[in-house]
Structure formats: structure tokens, C-alpha cells
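Protein chains in written order, with this note's numbering: chain A, 1 to 323; chain B, 1 to 323; chain C, 1 to 323; chain D, 1 to 323.
Bear in mind the hints are in silico, worked out from the structure with no lab data behind them. From the three backbone atoms N, C-alpha and C, an ideal C-beta is built for every residue, glycine too. Be aware that one or more of the hints could be misleading.
[What the hints assert, rightly or not] Once the Cα atoms are required to be at most 25 Å apart in a straight line, the calculated DMTMM-like pairs of lysine to aspartate or glutamate come out as:
id: 1; chain 1: D; residue 1: K40; chain 2: A; residue 2: D3
id: 2; chain 1: C; residue 1: K190; chain 2: D; residue 2: E313
id: 3; chain 1: C; residue 1: K135; chain 2: A; residue 2: E255
id: 4; chain 1: C; residue 1: K38; chain 2: B; residue 2: D3
id: 5; chain 1: C; residue 1: K38; chain 2: C; residue 2: E80
id: 6; chain 1: D; residue 1: K135; chain 2: D; residue 2: D37
id: 7; chain 1: A; residue 1: K190; chain 2: B; residue 2: D3
id: 8; chain 1: D; residue 1: K190; chain 2: C; residue 2: E182
id: 9; chain 1: D; residue 1: K38; chain 2: D; residue 2: D67
[As the list claims (entries may be wrong)] Pulled from the structure, derived: some chain A residues nowhere near chain C, Cβ distances all over 10 Å:
id: 10; residue: R5
id: 11; residue: R52
id: 12; residue: E80
id: 13; residue: R88
id: 14; residue: Q114
id: 15; residue: E139
id: 16; residue: E142
id: 17; residue: E185
id: 18; residue: G208
id: 19; residue: D238
id: 20; residue: T244
id: 21; residue: A287
id: 22; residue: G323
Number of protein chains: 4
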Amino acid sequence: MTDVRVGFIGCGNHATQNLYPALRYAGMDLAAVCDLDKRKAQRVARQFGAHRTYQDLGTMLDEMDLDAALVCGPPELHFEAALAALERGCHVWTEKPPAPTLAETEQLAAYAAQVGRILQIGFMMRFAPAYVRLKQIIESEEFGAPSLIEAKYCCWNVSNHRHHLIYYGVHILDLVRHLMGEVTELAVLKCERDGQLANAISLRFASGAVGLVNFSSLQPRVQERVEVTGESALAIVDNRVNLTYHRPGTNEFGETTWSRPDFAIPNQANSTLELQGYLPELSHFAAAVRGEAEPAATIEDGVAVMRLLDLVEQNEGEVVQVG
Amino acid sequence: MTDVRVGFIGCGNHATQNLYPALRYAGMDLAAVCDLDKRKAQRVARQFGAHRTYQDLGTMLDEMDLDAALVCGPPELHFEAALAALERGCHVWTEKPPAPTLAETEQLAAYAAQVGRILQIGFMMRFAPAYVRLKQIIESEEFGAPSLIEAKYCCWNVSNHRHHLIYYGVHILDLVRHLMGEVTELAVLKCERDGQLANAISLRFASGAVGLVNFSSLQPRVQERVEVTGESALAIVDNRVNLTYHRPGTNEFGETTWSRPDFAIPNQANSTLELQGYLPELSHFAAAVRGEAEPAATIEDGVAVMRLLDLVEQNEGEVVQVG
Amino acid sequence: MTDVRVGFIGCGNHATQNLYPALRYAGMDLAAVCDLDKRKAQRVARQFGAHRTYQDLGTMLDEMDLDAALVCGPPELHFEAALAALERGCHVWTEKPPAPTLAETEQLAAYAAQVGRILQIGFMMRFAPAYVRLKQIIESEEFGAPSLIEAKYCCWNVSNHRHHLIYYGVHILDLVRHLMGEVTELAVLKCERDGQLANAISLRFASGAVGLVNFSSLQPRVQERVEVTGESALAIVDNRVNLTYHRPGTNEFGETTWSRPDFAIPNQANSTLELQGYLPELSHFAAAVRGEAEPAATIEDGVAVMRLLDLVEQNEGEVVQVG
Amino acid sequence: MTDVRVGFIGCGNHATQNLYPALRYAGMDLAAVCDLDKRKAQRVARQFGAHRTYQDLGTMLDEMDLDAALVCGPPELHFEAALAALERGCHVWTEKPPAPTLAETEQLAAYAAQVGRILQIGFMMRFAPAYVRLKQIIESEEFGAPSLIEAKYCCWNVSNHRHHLIYYGVHILDLVRHLMGEVTELAVLKCERDGQLANAISLRFASGAVGLVNFSSLQPRVQERVEVTGESALAIVDNRVNLTYHRPGTNEFGETTWSRPDFAIPNQANSTLELQGYLPELSHFAAAVRGEAEPAATIEDGVAVMRLLDLVEQNEGEVVQVG
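The shape of chain A in the complex, shown without the other chains:
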């Protein structure tokens, strides 16, 4: 397996905490980093072994002969850097949201299709091992057809509703689509308390299944829980890492399986890089670039999610068609 030669645009906290440390496991070679802040770029380059540093992304893309660009910064940067990299023939992975608006996201999707390059979005949740396993379970014959999903992704108070939606809301909406398929109807009931919103979202899917999503900024810390009902079956992921599967059947012992990471073992499989989904999403991107995996969490998903997100933002107590 040849490492994918990448340039990374953005050297902020999230990137250095959760993305750069994953690169060396993800089948990538960090050829260059780019940040407006030269000292940040130099520090990151040294800490994660990049060959070169840049302050201008165009220059990096022109000079470095990259297979792919990775982007993590504000939404405007995602959009501009993705366009610039696609233009040079690079495949692109960018953190979410792919762009500040739906229109720009659609523009990105069109351009990626035109140039025939992979444009993967940072929907790491769907790559977290517990959700990968959840998807396998709900697609199994034993589980039956998924009938209902409940998903909660709630957090502490936020300062800006739009940011809350495009930074956090995209995650849970992508995960719900990933697990259940296309959304065809949607309604949102909202409660505002002290400037914060509780969004009670109900959904219908093309499959006939239905859904309930709690997306709010009125819970302490970050709370995440997903429950999928099948036909006499129930599978739950709690706190991103704990999986409980109530298998179809009766009340007898042994019908429920359960897993949690063994934190007493300090190996890669039990590291947060893996469990939270960052390492697997980057590994997947690298594999897709090498042609060894189907592209996933693509800009098409990004478009669908940004569309849902606008509906969530604008909807108030009315069941509307999606699409």
C-alpha cells in the first residue's frame, strides 16, 4: 500500500488534536501544511513530520504535486480550499460544513462531479466503530426492516444558532441519513429557553421508516444517543462508544449483547482517535483515493444534509416535503 501524498490546509486546535495525530495510521504521507499563521504551520509541520510549510494554499497546491488536500478551518475556507484543490486535480477531504451555505455546497458538488475527483466531508460519526457495527446490525436479516430511529445530539449553550446547525447539526443529520436513507418529510417543533433552542424534529424516510431527533443546546456537556427499532429488535449506541443490541425474541437471558471499549488496553482500537471516528474517516478517504474503497460521506451527502439543515432552521411546526 502506497501512502497517499497529502497537503493539510489549517493548523487549528481541532485539527492538531484529532486529525493530524491520525494521519500516520491512515495511510497518508503529510507532504506539506498550510496556515496563514507561519509559526503555527511550522510547529505543526515539525510535530507531525510535514516536509514543507506554506502560508498560501494556492502556492502549496501548485508546488507540491499532491494526491489530495485535507482542509480544516472556517466554512468559507472549506469552500475556497476545496475548489482550489479540485481545480488542481486533487482529491479533497474537508471538515464539515463543506461550505457556509447550501448553494455553495451544491456548487462544490457540481464542480467535483465535473472534474471527477473525490470530495469527502468530515462526517466522522458514521465511521465510528460503534456506528459501523450499528449499521451492520440494522441491515441484518435478523433485525428486520428498520422502522424507527431516535437520535439525540445535544450540547451546552451555543452563541449562534446557525453555527450550531452547520457545525453540529450536520453531524446528526448525516448519521440519520446514513443509517436510515433519504428523508422525505420533516417537521420541527422548537422551544426557546434563555436564547437557546430545543429542536424536536420528526422525520419520515423513503423506506417508510420514521424518526425522532432531539437537536438542542440545552443539555449539559455533549450528549449523544441513537436507538434504531427494527422488527422486534432494538439496537442502541450511547455516548458514541457503547453498543447494546436487544435481539429479536423473548424475555430470556442472553438475548441482549453489549459492548464497550476496554480502556485498560492502550491500543489503537481503543483509542479515541479510532472510537470517535476521526482515524477511520481519514483511512477511508485514503483508501478511496487509492481506489481501494468506494467514496463515502461525499459532497452529495453534504448537499443532502445542508438541505435538511435549512429546513430545520426554517421549519416551525409544519410537516413539509423534502426535496
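Chain A is fixed; fit chains B, C and D onto it per the hints.
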């Protein structure tokens, strides 16, 4: 404290499993039991120490000079027996549903008001200690105003949707109203799988809070979970007995309290009679009859719940006003 | 199946809370109750449907033509009543301890053997469904030979060490023997804090397995947990009702099964009468009396446990042989 | 705060997985790395930003003017590298075990004392946040004097008992000493199954408290759990990251607090680098080198633990004095 003199109408499985055994702790004296099946009545009378047995409820009510009647049977019986007992000046506790239909439930409510007698409905969930404590928590100043409730009450396959609603649906709808107040808007998205329904219900409350209720017959066994969000606070009851309270505040240790019954102690507080709510609901009824407690879970609540239930049954993907 | 005709000696709190309510499910017919306190006996007789009441146990045993006697009171009563009942040809179930001392327990065992009657002791833990299932698991081929048991049975402060041992210690020692077989060596390290004892007990079994038992009165409430290690397998019962089984194998998902009672279902299987072991132990006794089951938790087990208990009381920091 | 200038000896899997990634948060500047395998050293140097690489540790120590050396390799290397680094005036952090034998560990301790340098051992467990919090709890007035500790640190099958002891046994013995103080008596009951050992260890501490330790290689994966009893109080750490504290008092709601990491938040506090203890132990070492913290987990602790470990290895069913 004087025991309330009661006659019990109905000697079926649920009654003998969960209600009769609670009477001796609930401040009641079981004066008589009544069942069409004479041998059942006699067995129950002996096992739970009733003085007399009857096959006809009117005769029992006429002869026994009761303070109150307890009723547990099919919905038609609840309605007829409650009317008959109220007519004789008895206070009444009846299992849910109070009657087969909303119209009859309203008739009961009107009659109880007219005769000035207590008519309590078997909404035991709100008396379960974990929910009593949940209500205290969500009404505390620390918790902030409740903003969103998620409630799940799901079970195995059922043979009849209407029965599912009037036997099970009433419980979760009463609990949600009890915790959050009056419902003003409601919508239901439904998924049918192999003749079973998943009901994804969204709600708005008069308080401004919103809600998401999963009421389905597509999960294994019986699954129950209630989560209430406040303002940066979250309280959860799982499996009716486990309470977790994420108190408002930061990520530090010690912010979450948790309780479960200690099943290694075989005392009344840790018995399922108490934990599931049957004993406390009957104790409350006895206290109300003695004038020592406010009536609760009354026929007015029954009317409100039967009204919601009809809306749940009829609604499909439309936000409608309740009222 | 014919009900076993029983007389019950003792009408105290524990009996009326946990034993009398189980009789009607246990295949027994309560012919008579006996208590020095006539009003207690009469109340219990009425509440649980006994035909007759007595204040003198000899008179009851002489007059009632019983299949079996049930005994629940102070240890002296267990001993005397068991002897008296065996003498009249009754089978006997008695609460633990079977007698105040090892010598008297041995006397009971000898007499029961002589008269050929069943003498079952109230070791209900081994009949609790979670422990029944635990035993099945640890005896399975998959589990491998049990190698180590950890057991905790701790409680709040006690007023009398001897009472603590004969009322509580007998339970955990019986359970450990029941699961792991005969004890051959034992040592106790003790810590006294404010008049309370923490007993750190280590054990060796005839099977070669070893054990660690924490029997202390320095924990809040009552805390119970048992973990058995096999060969690359681990099975745990926590709080008497929750069972976790880490099956042999690797770190992959799905290797752990887990069960808990569904408290949202108010049926017999999920009632504390069943879950705590009282109902199953009485059912077993009735079955043994009818010749449909092997006697279990017999006075022979009682002797073995009382012997261990004396060693625990007297031992301080020395590994001694048992037997 | 000035970064501590360190050289790291050893570029193996564990080091690159769990230690090197922690350096950039730990207040250290990675001046050089050393490994016999030149390519490994170069790769690590690039990935973690070291200035220089060496194949010979003496040369590195002579040339680089280091504040401190970090060592991670086989036990023989720990011993030799620590001696060599102390000789050059460096402070040293080394993975456990500090040396292959007790005698060599004592030699290291004597030499570190002679040259007045810090020699910290890789006992990361005591730095894991859940254990830090556990220690605070058990030292609080509310908790009362710790009376009993139960600790389990079990794993899958091992190929070599001595390795199992010096690589894994040291961790749990250090943690037990760290929490409870000096051990004065010890006994081990052993069960061998298919070449693997279950060690049932009982302990007495200088404080009067007692302990039970299960150290075995017959459980699936790695299982870790520590319970400390106080006076009517109980605190538990499970799976290294989950903390439950049953506070002293009665059976009422709210007496138990509980915490777990929020894995839905990808920040440093919830990363496995932090939660498993690797980052905090290195941060502590750096702080101690800068004179801002007391040395902890020192070679004196290493000597005490290696002494206990020899006793565990040699003991069979006899209570012996330690020291």
C-alpha cells in the same frame, strides 16, 4: 389512620399479581371481592383476606357499605362498574382505560363531578418512585424550565392497535402530561411493518416545551425510557427504576447522580409492587379518600389522555391543535 | 400437581413481606399459621388465606396433618421448630440460620437423616434467576473450568458481629459453595473501623479454584456482586438481578451478553419475589416434597456453611484447612 | 513555563502509540530520539518532531545536553538507560518495570538518591483522572478511613508468568499501594488452568485496612476494576474511566454520583491519552523536573512494588510479613 373499606371488582391475573398484594400496605381493608367466576372470587377472597364474595357488582355495592370500589377488568367493565359505584356514593379507583371511548370517559367525568366523588385512574407510572423523583428534579430551580421531553414506551407485537393504544398508550401519554403539562399541538408519523405500528409522535406543550414520543409495538419485550431536558440539565429514567441526573454545569466529576434500587435488600421500598407504581397509586387513592391527599390521576386526566389517544390514532403526518 | 399442605411457623415482617406472598405461586396450600402473638397470626391467616391459626407449634403440628412446615423466626426457633416438625414426619423449610450454632446444626442434620425427611434452608440467593443462569454459564463447556470467584456481600453497620455472620454471612458462603464446590482452605484478614468489621476472606476450593470474598458492614445500603472467572471467560452478577457474560474470545463486538429484568412489565418473572429468590426457593421445596425435584440447599449445606462461618469468625490472618 | 528538553530512548509500538503523542501536551521538547533501528528512529523523529536521531544512547546523552531522558523498551534497557542517564545528570522517566529484578531496582534507587535526580516509573494508572478522583474521594473526611480495597486487573492468556508479573502485576500493585499505603502482610492462593494462573491475593496494610486483589490471565481481554470501602461509603472505578461513588448515608435517591467521559466531545480531557494516564504521568514528570511538583511514582515506589511482586510470585497459601 383508619383503613379505607373497599370492594374489589375483578379477580383476573393482573389484579391478583399486582393490585391485591398491594392492598395490605395501602391502608385499605378488603371488605369484598366480586367476579363473575365464583371460584375465582372465592380463591382471591381467601388469598387476600376478603370478608365476602359476590358475582354481581350491584349486589356487592348495595350490601357492603363500602367507602370505595376498585375496578380491574375489560374497559367496558371499568365504565359500568365506575358508574354503578359512583351512583352508590363510592369513591372509585379503576384500571385504565376508564372506558372504551372518549365519549364514555367524558360521561364518567361529568358524573363523578356531579356526585362529588373521587374517580382515580390506574396511571401507576406517575406514582413509581423514580418518576416521582424525576418530577421533583424537573420542577427544581436548579433544573431550569423543562424544554424538551423524549419518552419511549415500546413493546412486543400486539394483535389490535386500538387495544395497544387504550391499554399501553394511555400510560405514556398520561406520564408525559403529568411531567410536562397540557399538550397543545401534536403530530404523528407512522411506520407499519408486518402489521405492527411505530408511532413517532411530536408534541408541543402549553409551557412552550416540546416533546418526542416513541410509541411502538416493534421492540423486543417492553422498553421504557424518559429523558427530560431543562436548561443545561438532563434527567433520565430508564427501565422505570433507574434514575440518572446530569446536573447543570461543567464536565467535572461528580455532576451526575444516579440511583437504582438495591435488590439485595428485600424490603418494601425495593419491591416491584412499590417500584412499578402499583402500591403507591393505591396508597394515594386511599389517602385521597381519607381526605389526606389531593386526588390525582383523576378522571379529568383520563379525559385528556383519551382525547390525545384519539388524535394519535387518527393523525398521520400533520401538526394539529389539541383542544 | 397437588399443592403441598403446609403450616407456617412465624408471622414476622420478613415472612409477611417475602415468604407468605410467594406461597400461592409456589404450589403450596397454607393450612395453618402459628405465632405466639395471636393477633399477628390471625391477621396473617386472613391476609394469606390460612385455614387455621395456632399459638403453639406443637399443637399445630399434632392437629393439622401437614406435609411440611415452614419456619421463620429467631435462630432458636428454627432449631426447635425444625426438630419438632421432623419428629412429626413433616418435611421442613426453615429460614437461615438453621440453628444458632454449628453443633445444633449438626444435630438437625443427623436427625433429618435419621427420619428421612427433607430439611431445606433458606438460602434463597442460589435460587435467584440470575444466579441460576450464572451457574449454568460457569458449568458450560465454553466457559472452561471456573478458576476464581470474587464475591461481595456488604451492608450497612450492624449491631452484633455474630448476628451479622449467621444472618448475612451464611448467604454469601452458601452461594460461593453452591457455585464453586467445597472449600478446602480459608484465611480472613480483618479491619475494624468504629466497631464494624471488613472481612477480606480468601478461599481455596477442592476443584483447585480460588476465591476472594468481601464480607463487611462498612458499605452503604446492601451491596452484592459476584464475578466468576473461567478459562478466558468472565461472568458477573451485580445487584442480584443484572447478569453480564464476557464470553471467551477476542475484542470484537458481540462477545458480551447482558441481561436485566424488564421492570416495565409487571409480571411474575420480573417481580422481586422471583428475582430475589424467595419464590423459586419455596417452589423448589414444594417440588422436592412432591418428589419432583432433588432436595437442594439442604441441612447438609447448612452444616458446611455454619462450619465455614465459625472459621471466618475465629480466623485472623492465617491460612487454615477446612474440614 | 519552559519546556523540558528530553531525549527519548526507544521507538517501539507502545511508545509511538501512547507516549510520543503525549509529549506535545506534556510540557516537553523532544530534542532527540534513540533506537538501535535507525529507520525507526528516523520515522519517529519526523512524526513527532525530534531534532536529532541516535542509535547509541550514550552518544545521545553525551551530545544533547538534555534535562531528562525518557525510556521505553525491554526491562534490561530500562535499567541500563536509566543508569546511563542518571550518570550524566539527567532526570529519568522510564516505563515499568524499572529493571528485570528487585536487586537491580534497588541499585537504581540507590544511585538516583546518590546523584539527586528524579527517577519516575511508568505507573500511569495512578495518574488516570478517574483514579486521581478516587484518591481524593477516599481521602475525604466524608468517606471515613478506607477499610478494604478490592482490585481486579486481569487479562487474556500470557506466555510467560514472570513477564506477566513485571509488565502487568506492577501496575495493579502500585495502584493498590498508592491508594491504600504500605502493605504489611500478604498471601496468595493460586489456581493454574491450562498453563495460566489466577492469583487470589489478600493483603493487610499498615493503616489496618485489608485488601483483595485478583491478578489473573484467565479473563477475556483486559478487565480492570477497583472498589474501595470506607466507613459506610464505597467508591468504584470500572474500566479505568467510569467512577461511581456511593456516598455515606441512607437508601434515598441522589446518594450516588457517577461519571464517565463524554466521548461525543473530542477534546483532550476525553482523549485516551489523558484518560488512560499516559499524558498526565508525563506532564507530572515534566512538572517535577521543573521543580513545580513533588516527584511521584518514583523508583522508591518501584522498589516497593518489585518486592511485593517477588512475594506474589513465590507465595503459595501462606500469610507472610512484607518488609
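We went through each hint and held it up to the structure:
| no. | hint | verdict |
| --- | --- | --- |
| 1 | K40/D x D3/A | holds, 17 Å |
| 2 | K190/C x E313/D | holds, 24 Å |
| 3 | K135/C x E255/A | holds, 17 Å |
| 4 | K38/C x D3/B | holds, 21 Å |
| 5 | K38/C x E80/C | holds, 20 Å |
| 6 | K135/D x D37/D | violated, 41 Å |
| 7 | K190/A x D3/B | violated, 48 Å |
| 8 | K190/D x E182/C | holds, 16 Å |
| 9 | K38/D x D67/D | holds, 23 Å |
| 10 | R5 | holds, 33 Å |
| 11 | R52 | holds, 39 Å |
| 12 | E80 | holds, 40 Å |
| 13 | R88 | holds, 41 Å |
| 14 | Q114 | holds, 40 Å |
| 15 | E139 | holds, 14 Å |
| 16 | E142 | holds, 12 Å |
| 17 | E185 | holds, 30 Å |
| 18 | G208 | holds, 27 Å |
| 19 | D238 | holds, 13 Å |
| 20 | T244 | violated, 7 Å |
| 21 | A287 | holds, 21 Å |
| 22 | G323 | holds, 35 Å |
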